[in-house]
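Asks: Here are the chains, one letter per residue:
2 protein chains.
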Amino acid sequence: MTRTFDIAVIGATGSVGETLVQLLEERDFPVANLHLLASGESAGRSLSFKGKNLRVRTLESFDFSSVGLVFFAASEAITRSYASRAHAAGCTLIDLTAALPTEQAPRVVPEVNPEVLKTLAAPYQLTSPSPAAIAVALVLAALRERVDVQRVAVTACLAVSSRGRQGVSELARQTAELLNGRSFEPQLFDRQVAFNLLAQVEMPDSAGHGVLEKRLANELKELLARPQLKVSATCIQAPVFFGDSFSVSLQADAAVDLPAICAALQVCTALEYIESGDYPTAVGDAVGQDVVYVGRVRGGQDDPAELNLWIASDNVRKGAALNAVQLAELLIKDYL
Amino acid sequence: MTRTFDIAVIGATGSVGETLVQLLEERDFPVANLHLLASGESAGRSLSFKGKNLRVRTLESFDFSSVGLVFFAASEAITRSYASRAHAAGCTLIDLTAALPTEQAPRVVPEVNPEVLKTLAAPYQLTSPSPAAIAVALVLAALRERVDVQRVAVTACLAVSSRGRQGVSELARQTAELLNGRSFEPQLFDRQVAFNLLAQVEMPDSAGHGVLEKRLANELKELLARPQLKVSATCIQAPVFFGDSFSVSLQADAAVDLPAICAALQVCTALEYIESGDYPTAVGDAVGQDVVYVGRVRGGQDDPAELNLWIASDNVRKGAALNAVQLAELLIKDYL
Chain A
1 MTRTFDIAVI GATGSVGETL VQLLEERDFP VANLHLLASG ESAGRSLSFK
51 GKNLRVRTLE SFDFSSVGLV FFAASEAITR SYASRAHAAG CTLIDLTAAL
101 PTEQAPRVVP EVNPEVLKTL AAPYQLTSPS PAAIAVALVL AALRERVDVQ
151 RVAVTACLAV SSRGRQGVSE LARQTAELLN GRSFEPQLFD RQVAFNLLAQ
201 VEMPDSAGHG VLEKRLANEL KELLARPQLK VSATCIQAPV FFGDSFSVSL
251 QADAAVDLPA ICAALQVCTA LEYIESGDYP TAVGDAVGQD VVYVGRVRGG
301 QDDPAELNLW IASDNVRKGA ALNAVQLAEL LIKDYL
Chain B
1 MTRTFDIAVI GATGSVGETL VQLLEERDFP VANLHLLASG ESAGRSLSFK
51 GKNLRVRTLE SFDFSSVGLV FFAASEAITR SYASRAHAAG CTLIDLTAAL
101 PTEQAPRVVP EVNPEVLKTL AAPYQLTSPS PAAIAVALVL AALRERVDVQ
151 RVAVTACLAV SSRGRQGVSE LARQTAELLN GRSFEPQLFD RQVAFNLLAQ
201 VEMPDSAGHG VLEKRLANEL KELLARPQLK VSATCIQAPV FFGDSFSVSL
251 QADAAVDLPA ICAALQVCTA LEYIESGDYP TAVGDAVGQD VVYVGRVRGG
301 QDDPAELNLW IASDNVRKGA ALNAVQLAEL LIKDYL
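So the sequences go chain by chain: A and B.
Numbering of the first sequence is given in UniProt numbering, commencing with residue 1 and proceeding in unit increments.
Numbering of the second sequence is given in UniProt numbering, commencing with residue 1 and proceeding in unit increments.
What the hints contain is simulated information worked out from the structure, not anything from laboratory work.
All of these numbers come straight from a predicted model, not from anything done at the bench.
C-beta: ideal position from N, C-alpha, C; glycine also.
Check before you lean on any hint, since a few could be wrong.
To be verified - When the alpha-carbon atoms are kept at most 30 Å apart in a straight line, the in silico BS3-like pairs for lysine-lysine are as follows:
1. A/Lys214 to A/Lys230
2. A/Lys118 to A/Lys230
3. A/Lys50 to A/Lys230
4. A/Lys230 to B/Lys118
5. A/Lys333 to A/Lys118
6. B/Lys52 to B/Lys230
7. B/Lys230 to A/Lys230
8. B/Lys50 to A/Lys214
9. B/Lys214 to B/Lys52
As the list claims (entries may be wrong) - Covered by chain A, per the in silico footprint, the following chain B stretches (three or more residues, Cβ under 8 Å):
10. 86 to 100
11. 206 to 216
12. 273 to 282
In isolation and in its complexed conformation, chain A is listed as follows (with noise of 0.2 Å):
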């Protein structure tokens, strides 16, 4: 008889959380009871799991005793003031939202690090990285025994729903005002996003870089482990609902072999590689894949050193509820 897990899911109302739950079903993830916890507002609502319809609690009378393992995809506020009262309690606890410092909860992609697991002791605690490093880190992985990398620049164009669900509203409410020739005052963002494009996602720090930057940059380097990879990170708003576009140039510490990279490419089970000529996109493609697309592989005008791709992400599936659940997955076969 196959082992099953008591699971807690933690802003299970989220467009995230909705999607991860969606997840454990489809992808058979043994669960035997699921807890889906939401903070006041959202409590009360239900959602459908495997056939039934279950009731979403609140976060702050639960007891976490009662459950192995717990997702943690609310709020960087929420998993900083209960993340600790899971890990006493025995869970093994999976982050989302980056509240914990790495020393504490390593970023991993599966197909990336997994090998990191095996430096960690129980309960296990892990961060499912940016929807950003997870995508350009499984292409970068693929690549790696083929090109020696030595600087990463990326443009990094987030789609609406990287705000969450109000993101996607305020774009769509946007847009119908302007169609219809009305004026509006934007929310949520901090001016039209609609048919714009805005070249920060977040107030930047006195040096000028914004949060998400940082943590492309830095989880880049932790999940490929290559603490000396150069990275310049963008972080742009695109006025698109779902799927991350990233504009990548990479340089290599040598004259690149294009067809070796991309039949490294190809042969990645991770990825889909779409060959020159045609190219990925976001709404076109990658929304609603378990793959990230990559394609316009080209080397450099005027340098043999220098490889140029686009990278297509379902931002809220690969990005986030996918990879978390692949580390469950992950988990459960060789460590729980």
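Got chain A; can you put chain B on it based on the hints?
Replies: Then chain B, alone, in the frame of chain A:
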């Protein structure tokens, strides 16, 4: 008494041509007679110029000996067909379609490389570069005393108006259909551009580079007289009506002096520098303006010789029509 000039605008009914005619009026260019020309189907329409309605006439029967200065703002094919006739008639020629080789009609941006004109002889032939090259070159030129740039990586997010009026109406049509829950067949663009980002704007060559990407790299080197500059260029199609945006990562030969760089950008009259914390956007700032906006100026996270910035520019105005009119102003001031 001021000298005046007989001028022809070819492609007067396109968005660039129409803006060019507006700018000749706004900037009080010394026009004697203005001839508006277009190919067959657009001829017969009228445009307003200095309070008069001017009829757009067919290009086919035009007598180039009746004018001294010709703007080519229609298609590449039309420039190829008529440029030699205009040149043989003694006209000064300003091409906005990149149809002529640079040896014949060098790329010039008045604030960047006006000295090129000294090397030419009448009748003058000049090319107004691509909107992307104009915007990025203006910023790099403002910095050239302060930083020795070795490498430039640009992700150019192009507005649909770079495809003319048809691009604008296609984005509006796709957006309206989607908001109304209706399906549509894409036109002009090869797939859905509304709420999406397209990773290429034209069929790439066998090495994977698009024409605009090659133009951007070549024009930057020519404008800055830096044949050894290494350029990585990615041109993507954004769901933005007007205004191009550029994510730019530069590598210098030594640690960059950020305060000196910001000061140089701030004093450049062709630029509007936006301080860290705030940032410019295409729609909110650049569109309709004669200056190019630059912001998010910051160093590298991992490399003191790195410089990152964001540029927003009106692709139709500063990126095309205005640069062409400024070239004409430069010519009549010192050369005609």
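Asks: Hint by hint, say whether it matches the structure.
Replies: Hints, verified against the model:
Taken as a hint, the lysine 214 of chain A and lysine 230 of chain A pair is honoured in the structure, with Cα atoms around 12 Å apart against an allowance of 30 Å. Straight-line distance between C-alpha atoms of lysine 118 of chain A and lysine 230 of chain A comes to about 27 Å, which keeps the hinted pair within the 30 Å bound. Restraint check for lysine 50 of chain A and lysine 230 of chain A: not satisfied, since their Cα atoms lie roughly 45 Å apart, outside the 30 Å limit. Note on lysine 230 of chain A and lysine 118 of chain B: the hinted pairing is violated, with a Cα-Cα distance of about 43 Å set against a maximum of 30 Å.
Taken as a hint, the lysine 333 of chain A and lysine 118 of chain A pair is honoured in the structure, with Cα atoms around 13 Å apart against an allowance of 30 Å. Note on lysine 52 of chain B and lysine 230 of chain B: the hinted pairing is violated, with a Cα-Cα distance of about 49 Å set against a maximum of 30 Å. At most 30 Å may separate the alpha-carbon atoms for a hinted pair to count; lysine 230 of chain B and lysine 230 of chain A meet this at roughly 18 Å. Simply put, lysine 50 of chain B and lysine 214 of chain A have alpha-carbon atoms about 53 Å apart, too far for the 30 Å limit, and the pair is violated.
Restraint check for lysine 214 of chain B and lysine 52 of chain B: the C-alpha separation of about 41 Å exceeds 30 Å, so the hint is violated. Counting residues of the region 86 to 100 of chain B whose beta carbon lies closer than 8 Å to any beta carbon of chain A gives 0, which falls below the threshold of three, so the coverage claim is violated. Counting residues of the region 206 to 216 of chain B whose beta carbon lies closer than 8 Å to any beta carbon of chain A gives 5, which meets the minimum of three for the stated coverage. Chain A is given as covering the region 273 to 282 of chain B, and this holds because 6 residues of the stretch bring a CB closer than 8 Å to a CB of that chain, at least three being needed.
Consistency note: the structure conflicts with the earlier hints numbered 3, 4, 6, 8, 9 and 10.
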